[in-house]
Amino acid sequence: MSITYVDAILEAQDHLLREDPRVFLYGQDISRFGGAFKATKGLAEAYPGRVLDSPISEDAMIGMAIGAALAGMRPVVEMQFADFSSIAFNQIVNHAGTHFYRTGMPVPITVRLPSGGTPGSGPFHSQSMEAIYSHYPGLVVVTPATVSDAYHMLLQSVALDDPVVYCEHKFLYRWLKASSIDREAPPLGQARITRPGKHATIVAYSAMVHEAVRAADRLKVESGWEIEVVDLRTVKPLDMDTVLASVARTGRLLALGEAFPWGGVTAEVVARVASEGFHLLDAPPKRFNSRDTPVPYHPNLWAAHRPTPETICLAMRELLAF
Amino acid sequence: MSITYVDAILEAQDHLLREDPRVFLYGQDISRFGGAFKATKGLAEAYPGRVLDSPISEDAMIGMAIGAALAGMRPVVEMQFADFSSIAFNQIVNHAGTHFYRTGMPVPITVRLPSGGTPGSGPFHSQSMEAIYSHYPGLVVVTPATVSDAYHMLLQSVALDDPVVYCEHKFLYRWLKASSIDREAPPLGQARITRPGKHATIVAYSAMVHEAVRAADRLKVESGWEIEVVDLRTVKPLDMDTVLASVARTGRLLALGEAFPWGGVTAEVVARVASEGFHLLDAPPKRFNSRDTPVPYHPNLWAAHRPTPETICLAMRELLAF
Amino acid sequence: MPDTAESIELLTDREHARKVYRAMLEARLLETKLSSLYKAGKIVGGVYLGKGQEAVSASLGSCLIPGTDVFAPLIRDQGGRTAFGEEVIDCARTYLGSAEGPMRGRDGNIHRGRPERGMLAMISHLGAAVSVVAGWLLARRLQGRLEGMVGATCIGDGATSTGAFHEGLNAAAVERLPLVVVVANNQFAYSTPNDRQFACEDLLDRAKGYGVRGYSVDGTDFLACLRVMREAVAEARRGGGPQMVVARLLRLTGHGEHDDASYVPESLKCGALGQDCMAVAAGQLVEEGYAEEAELAEWQEEIGEKVQAALAAAQRDPKPDPWREQWEAFSMPQTGDQNA
Amino acid sequence: MPDTAESIELLTDREHARKVYRAMLEARLLETKLSSLYKAGKIVGGVYLGKGQEAVSASLGSCLIPGTDVFAPLIRDQGGRTAFGEEVIDCARTYLGSAEGPMRGRDGNIHRGRPERGMLAMISHLGAAVSVVAGWLLARRLQGRLEGMVGATCIGDGATSTGAFHEGLNAAAVERLPLVVVVANNQFAYSTPNDRQFACEDLLDRAKGYGVRGYSVDGTDFLACLRVMREAVAEARRGGGPQMVVARLLRLTGHGEHDDASYVPESLKCGALGQDCMAVAAGQLVEEGYAEEAELAEWQEEIGEKVQAALAAAQRDPKPDPWREQWEAFSMPQTGDQNA
Ligand SMILES: Cc1ncc(C[n+]2csc(CCOP(=O)(O)OP(=O)(O)O)c2C)c(N)n1
Ligand SMILES: Cc1ncc(C[n+]2csc(CCOP(=O)(O)OP(=O)(O)O)c2C)c(N)n1
Ligand SMILES: [Mg+2]
Ligand SMILES: [Mg+2]
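Residue numbers (our numbering), protein chains in the order written: chain A, 1 to 322; chain B, 1 to 322; chain C, 1 to 340; chain D, 1 to 340.
Don't read these hints as lab results, they were simulated from the structure.
Ideal placement from N, C-alpha and C gives every residue a C-beta, glycine not left out.
Please note that the accuracy of each hint is not assured.
[Stated by the list, open to error] Not the full set, but computed from the structure, chain B residues with beta-carbon under 8 angstroms of chain A: (1) Tyr47; (2) Ala131; (3) Trp225; (4) Pro284.
Input sequences plus hints: build the corresponding full structure.
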């Protein structure tokens, strides 16, 4: 028996609906249809009236969730694709994100963003938008990379009084499997050492954690390098303690992300390690992102647009050679 | 005789309308009213039919501009405040930003964002959104800090075939004056050494350039430090040559910005200096931004929310003491 | 004014009219003072008045039940805020940036509320509150507590052009929520006249397209406003789904007090829409025998003193202290580190 | 089909009907092949068909003048694209990711266009094209070249709920631009039925609220589509401002070819809306004496071969080569450095 990443998301929502009467789900085609990715399959039938199809109105979807949260509910909103949350950008950053600071009343909404590229998904069904939401104050932004994290971090997101942008990676949906879900998980805001090592640290999150591990395995087999992989898990706020402790051990840093290169998580990680842990670094810290173009449609281009184990290995060899 | 920063913007638009029949202006209250900040004052009368009031529809404003640009025009859109461009976020990043890469046809629009904080302007009339637009591929993002740059960079933005987000700082509108506009300006994408120095570099942009210069002047008078101030001018793409050359001279870097702290220009600058110019650094690079809350309304809070000459001096003394 | 408006249904027309007029008067007197304080340099940022819109706004607010209903006022709704129970001191403190107001100096002027009491704190982005009120109502349905309650929000002619307004009203209509949207068509959005804002003959023509019931009212006519708001709110409360009221009127001042509104043609100011609803209301109260002239003068004095006292108090309040400010946008900072 | 549609006005009803039917047929045959290729694993991503919507789409496209008008097709507009002059090979290459198609593998499937020829390349975000077409028309007015031209765009029932649709149509109406918006109400947005999408009785009820003229048409009725589109486009071309056509029909396939559309009730499929417009069209052509049965069969063969040839050619095309790809989102990279 095994459980996939998207199953874990479904399970978590099932658990939430079962245990917490404040929870309801809102999104396009999530009710009887079960969602574009089947992350809500069967829930409409199991919890009548609590899994609601929304119109194609991302701005209103988040506005509705904010109002419901203020009235005591714990809404979970599914964006059909992360990319369409651009329409809800204002409600997320300016309404949900500012509310606690302004009024003292928090807005416990969870916005699920099916994120990241898959072959053939193209410029508008592939984006990784964590940097956009992390830039604005007041939003917690999480990026689960494992089946267990997909499950537990969704529960934790809904339990949090603050608005959470939950970035789930579409590539992991069915590809990533686990034999079971761990009983427990670290709290939100805490990173994890996915693979211990001593010669260099790769800081990654979401699907790139797996590419990093693959690259690390290869570097081990091919050249005996022991690469540590840190999974950030939450990108806002960042767990710099774990990152700095890792860099302290290894002296070398590659920050790896699937998002566009300007700004974003890798810039934040490198900038903070450079300023807070400068003396820990034995080599210039490196960054590796996707390219600075829209995410291309054709699988050939897509594979060359984002970091892969091969290109990560190249970057790591440069880092290790320094 | 002197000319203010906002006058320069008005002059540039006058020049554009006079010289280029492809140019027209679109925005809320910009026609006979002359705009919330009077940046289009008198232009509707001087250029009948070419300065158009738009409905309160930021998404459509940018969509209209994109369509007009594809049909051969050079629209300049005024957002009433940068903060309201959140409604146009999708059209800017997903429509304008991707168009050239996807179709080979560029979208020469210029979006003017009255940006940045002023006392009492509060959470929704104070934002600095350059990081949001720079993160996405395909957009040029400029942040003029001088009267001459306000003028020339607007002409250059309109001349560029690519979409430009032109961030003009509201605090500089009437406060910043020059005796005249320089005949020429460096091209977009080129930074400038605003104040030469040798002990440390402050990389800043927009209004923070002036705060940096003030801090540098103070450090000179009080302690004899010679601080170099680099004005990025364009934040996407970044002129790393100028930045790295400055750091090579000084060995110390403070990246200074008025935007929210997570990600953004300062993260990008520090990350790139750390990775591309690690060996140039004699001390950990530093970042200094506004605080990670919405921009507060009350002037007391606002002054403590963003970097000021006093707090920049504190940060610089730490940097110089290292 | 914490009398619960459950009573509204029980109030006689006379009582209702008197109640609303007093709220209008409080709003007008308060805003007049705010304008003076602004001109004296005592208020930073801006001052945005509802002068001329008090009848529309207060009659809506008066039909809502504090503690039960939810209300999202917009820029020009001092009347509605007051009628819904906002204390003068909340307004005064917010404008004056007091550390003790509901926004504690973090936000200012009209960007205030008491969401815990069902009065939302608007963000500047026009239209954004429509879906939020709808969401609150949806929550109450899910909680089994929707029966007998309504949500209301106000919006200007200009803000009907926002995608947020459209998406919000449509979503509310799909859920058939008891939402009352009052469109104050004051002919201008800042300086932009209706003919640069929309092309329909009357914004009321939009109601049918959303599947909501529409009402038209002369916003300068006090008694008409009372009647229409009462009907629209009652219809929503009865389960009639969303209601949209379009009021015709004129803003009798600038967009903000920095604006002289010179773009408003004299003909409009002198025409029927240019009537001051306060004067109309006073006349109607007397004419209907709901109040005596002398009583109105007494109210003016009584409320004027109350307003004066609140503004004086708010000016003595401590200002926010950046050293004691909690620079924290999360309610649960234990989530992790803070990126200072 | 590069015959300029200036001719449309000159075409007899017979000629027009024959032209549109041929475009519909080409669309249907092309899409049928695309579906097979998808199911055979030859197309990555997804395939989105306009099956059942050809009459609406192609009759609109046929009324537009290539080289003059501007057209922003949406998901289900193969018919309109073909009628407006899109070559089969452009579609084939885009779906197959050829390096030689208009999108060069950078974008796929329906996200294609030839903006330099007035056919916009849709982004996925629904509603976003409405204002873009309006902007193109505004540009033509400013250039003094608007006379006699129109812009058209199609949209689904679901996409009418977007703020972008609302803002775009409203802005176009304010400028009184010759924009034709065709709403294909195929009863569902992906799986979501009309009653979860809007609450008005008919989407046509929205026209008045924008101040635009509205038309209703049975989208399965070929001759009715021809007539209504011709009228709406002509009215826009004459200077009548924006026009909104609402067509009733059913999507005769899934949202994409991955979707079996099991959520569509049998009763709908078997009802009047479930009719296949291709069959209706063929019947009407014969009945009106516009074409012979035998001729239709000939067209089927002729066009089938053309489609087959294009798809075969596109499959032999070079795929995009990441090593030769210009990873450049700016047209003027000299602007400065590139952040690699
Ligand atoms: C989305 C958005 N765009 C622009 C603004 C700037 N703005 C504030 S008030 C205003 C005019 C509003 O007009 P209307 O809706 O008619 O309300 P009124 O001021 O007339 O009461 C504008 C453009 C805003 N607040 N929100
Ligand atoms: C803004 C936005 N939100 C969500 C989507 C995802 N999406 C793609 S097609 C579709 C359904 C569209 O329905 P409708 O407008 O009725 O067109 P139809 O597919 O029926 O032709 C959805 C929700 C999108 N493309 N854009
Ligand atoms: Mg108005
Ligand atoms: Mg549909």
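Taking the hints in turn, this is what the structure says about them:
1. Tyr47: violated, 32 angstroms
2. Ala131: Interface hint status for Ala131(B): holds (5 angstroms vs cutoff 8 angstroms).
3. Trp225: violated, 20 angstroms
4. Pro284: At about 3 angstroms, which falls below the 8 angstroms cut-off, the nearest Cβ of chain A leaves the hint on Pro284(B) intact, so it holds.
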